[in-house]
Structure formats: structure tokens, C-alpha cells
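We have chain H; now place chain F onto it with these hints.
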Amino acid sequence: MKKYLSIFKIKLMNNLQYRVAALAGISTQLFFGLVFIMVYLAFYQSGNNNNLPMNWKELVSYLWLNQIFFSLIFIWQKDRELLNMIKDGNISYELCRPIDFYKKWYATMYGERLSALLLRFLPVTIIALNLPSPLKLYPPISIMSFILFIISMIISSLLVTSIALLIHIIAMFPLDEKGIMAFIMVIGDLFSGSTVPLSFFPNFLKNIAYILPFRYIVDVPFRIYSGNISTNSAINPLLLGVVWLIIIVIFGYILSLKAIKKAIIQGG
Amino acid sequence: MKIYLNSLKLYFKSQLEYKKSFITGLLSQILIMFTYYFIIIALFDKFDNIKGYTKYEVLLCFAIIQFGFSITETFARGIDVFENLIIRGEFDRLLLRPKNILLQVLSSDYDLIKISRVIQAIIILIISLIKLNIKFNIYKIITISLILISSITIFFSIFLLMASYCFITVQGLEVKNLFTDGGKQIAQYPISIYNKHFIFIFTFLIPYAFVNYYPLLYLLGKSNNKIYVLSPLIVFIYLIPSILSFKWGIKKYTSVGS
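Chains as they are written, first to last, in my numbering: chain H, 1 to 268; chain F, 1 to 258.
Certain hints may be false.
[Unchecked claim] No more than 30 angstroms apart at the CA atoms, straight line, and that leaves these computed lysine-lysine pairs for DSSO-like:
1) Lys87/H <-> Lys114/F
2) Lys87/H <-> Lys196/F
3) Lys13/F <-> Lys78/H
4) Lys136/H <-> Lys19/F
It should be emphasised that the hints constitute simulated quantities derived from the structure, not laboratory data.
Same shape as in the complex, but just chain H (with noise of 0.2 angstroms):
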């Protein structure tokens, strides 16, 4: 555990070095969260809303959460350097190592997503709650939802690691990876209800969305934030979350065990 544990620290210290880069995200982050907002805005003012799904500040609180959290939960991240390795063959360095392939690649993507994270949420989190008012994020309705929310947040980050790495692991078997990947991330990305928060999507399509993993990333703690799921709600979902994450990390790490039996070395 202690080397994975490191490995993730490496990479973490690694990438908090990338500050530029950071400030390019920051900025994309509210330019794109105030679009969005914008928009949702003047559909609300534009009349006969009475049945909607979200009151305003729920909206304007999940859509600003979407943008902070961008770079820990969007699901199509791809890892250049592990798909390079693939692709070049260079993998097969990868597998003489003493260090077990999945545990050693979760850390790493895990440990990229964290600092992408870390350099950028609190300068948006800021900004954002300090917008005039239509326009800014509202704090958590509770201190009860709040450490739901952490704990949301936690699985979220777990799960949509454990996702990304098993497309990363599914890319190993046909060598061409561009398909399979660019259709489950479309998947997973409206799903998740990060394009359109799920609870404006029509029936049929919703309920596809509660029977995949997705929304556990997504959907459920930013709701959970704004008190649209409630507390005694919460916990179900939450369950769940955890579910999807241990049956996904089984898995890929079977899946992986597999990969690395037939893995086909490409060049020399």
C-alpha cells in the first residue's frame, strides 16, 4: 500500500507545478459557468415554469459545483502517457515491474485528477460565492448535507477514477482505443448529468440514467449540496455509489489481470 500511496504523492507534487495551465482552467471554468448559467437564467425568467424539477438557487448551485469540480469528475480524462504505452509497446517495461499494474495506475490517475483539482477549486469556489445574486453559488442548505456532500464527493472521485481506468484497460485489448473510448465517455458524460442535470431529462431517459453508475458522480452530490435530495434521502444513494464503486474496481482489476496475459506487445 505504501508505494501506491507514494506513487500518488509524486504525481500530486508533480502536477501542482503546472500553476499556468491552472489559471488558463480557472478562467475557462467561469467564463463557462456563467455562460451556462446565463442561459438556464433566462429560461427561468421566460415564464410558465411551474412545475420544474430545481428551484433556482438548487440550479445556479449545481451548475456552479459543475464547473468547480470539472477537473476531479469529468470522466473523459484521457491518461496520454498510459495510451502512449500502449500503443508504442512500451507497457511491457510497465509489467516487468514488481508493483502491481491497477493499484499503481489508479494512484497515478487518481493522484492527477486531485491536483488538477486542488489548483483550481478554490479561486472558482470563491468567485463564485461572491457573484451578485442570480447569478452566485449559495452555500450548502445544511452542515448535515454538507459532510454528506464531502462524502459524496469522495465516492464520486473514487468511482469516476475506477471508470476512466477501466475504459483506459478496455483500450488495451484492441489497440485501437479512440472508439470504444470517445462512446462510453459520451455515455457517461450526458448520464452523469453533467451536460443537463438529469432531473430536466425526459422520463424514459432518467430512468436509464438511475440504473447506470454515472449519476453517482455527478447528479447525486450536487443535489445533495443544494438540499434537492434531502438528508434522510441521501443515504441510499450514497449506498449505492459505494456499490457501483466496488463492483467496477473488481472489475477492471480482473479485466487488468487479463489485459497483461494476452497483452500484445506492438513494435520492439
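Below, chain F alone, put in the same frame as chain H:
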């Protein structure tokens, strides 16, 4: 022009060598775009208008922007990834050849998979025009043609301007995404729904409003002012500083070596 078409043909042939990869690429592009349109359609399931604009009006607005952006992405990829030419020092080679530089840069790369986005945009555009029941006369035909041309022009100018910037920094510019992706995001809805600072920036600084807001007012019959028919022409003015700065960049260019 002949060189450009020729290298396009060669690129197309090389892509067809990898048929499976090309097809999965096309399919995933269609899926990605579908989610963009889905957002709009899903929201109009819950709301019936946005500041007076209906579903198909917004879809038309969006399809126009997607059309221009995707065409530029497909056929002007050489400019989009211009930094690669500079970083690898390949730009030196282009300078040695006795042909137009811009044309050579254009011919250096394509992204034909993105053509599926163009096709999708055209389909949405046609569906929206039919659903909106627009009575076409000569003015409206001129308007829609100018809209489509200006949509390509605006992205072409932005790409070119950002490419010129590579001469100075060597690296590509991250802010570019704010102007292209961000602008695209903004311009998918009629610009009047935004806050006035945004409207100002995207009318005068980067003239998206002249691509799919003012001319659209006329096309949709929201205004009868004939001056809006010609409003997309303003976008062409934007092409001048882009080309000039690119030319200036070539003059200033010093190779990175290797």
C-alpha cells in the same frame, strides 16, 4: 487551389486505408454532436421558450454556428494545429517552396471525421427551416447564404489570428478555446438572452452577433429592416487583421531550429 484539392484527395485516400477506425470515428462524432442537440431539445421539453425564441429558432441558431465551426475544423485543420508546424520546425520547409504559404498551411492537415458534424448541422438546419415555415424570397435566400458564409469566415479568422500568435509564443494559445469553444457555446442561443457585457464582447470584439443574431432577426421575420440582410458582411472586415497579422508573423518568423 489545385494543390489544396489534390492534397485533400490524398488525405482522404489515406484515411480510407483505416476503414474501421474511420467509421468508428465518424459514429462517435455523430454521438457527441447528438448530445449537444439533445441538451437543447431536452430543455425545450420543460420550457416552451427562451426570451421569446422557440425550439426550432434556437436549433437553427445553433446549427448555423456548428456548420461554420465544423467546416473550418475539417478543412482548415492545418491552421488549427499550426503550432505543430512551428514546434517541429516544418514551417521552414513551407517557406522554401514557391507557392502561397497560407495555402500550404491549409493543405498540411485535415480532419475529415469532423465532416459528420457538418452533415448533422446541415440536417438540423434544414429541419428547422422547414418546421419554422419560412417563406423564402430573394432577400431571405441572400440572408441565409450570407449567414452560412460568414459563419465559416468568423471561425477561419479566429483560427488564423490564433495561428499568428504562435509565431510569437511557439506554443498554441490556451485562451483560443475561450474564443472558439466559448464563442460557439454563447452563439448557440440568440445573443440577446445574455447579460449586456457578453453581448458587447460578442458583437464588437468577436462579431458572432452578425453571424446568427441580426441576420436571423430578418430571416425569422422578427424584423423587417432590410439592412439586416447584409449584416453578415461585417464579419468579413474581421478577416483583414487576421490575414495581416499572419503575414506580419511570417516576416518576423525565426525558426526554432532542428
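Evaluation of the provided hints:
{"no.": "1", "hint": "Lys87/H <-> Lys114/F", "verdict": "24 angstroms, holds"}
{"no.": "2", "hint": "Lys87/H <-> Lys196/F", "verdict": "49 angstroms, violated"}
{"no.": "3", "hint": "Lys13/F <-> Lys78/H", "verdict": "28 angstroms, holds"}
{"no.": "4", "hint": "Lys136/H <-> Lys19/F", "verdict": "49 angstroms, violated"}
This entry does not satisfy hints 2 and 4, going by the numbered hints stated previously.
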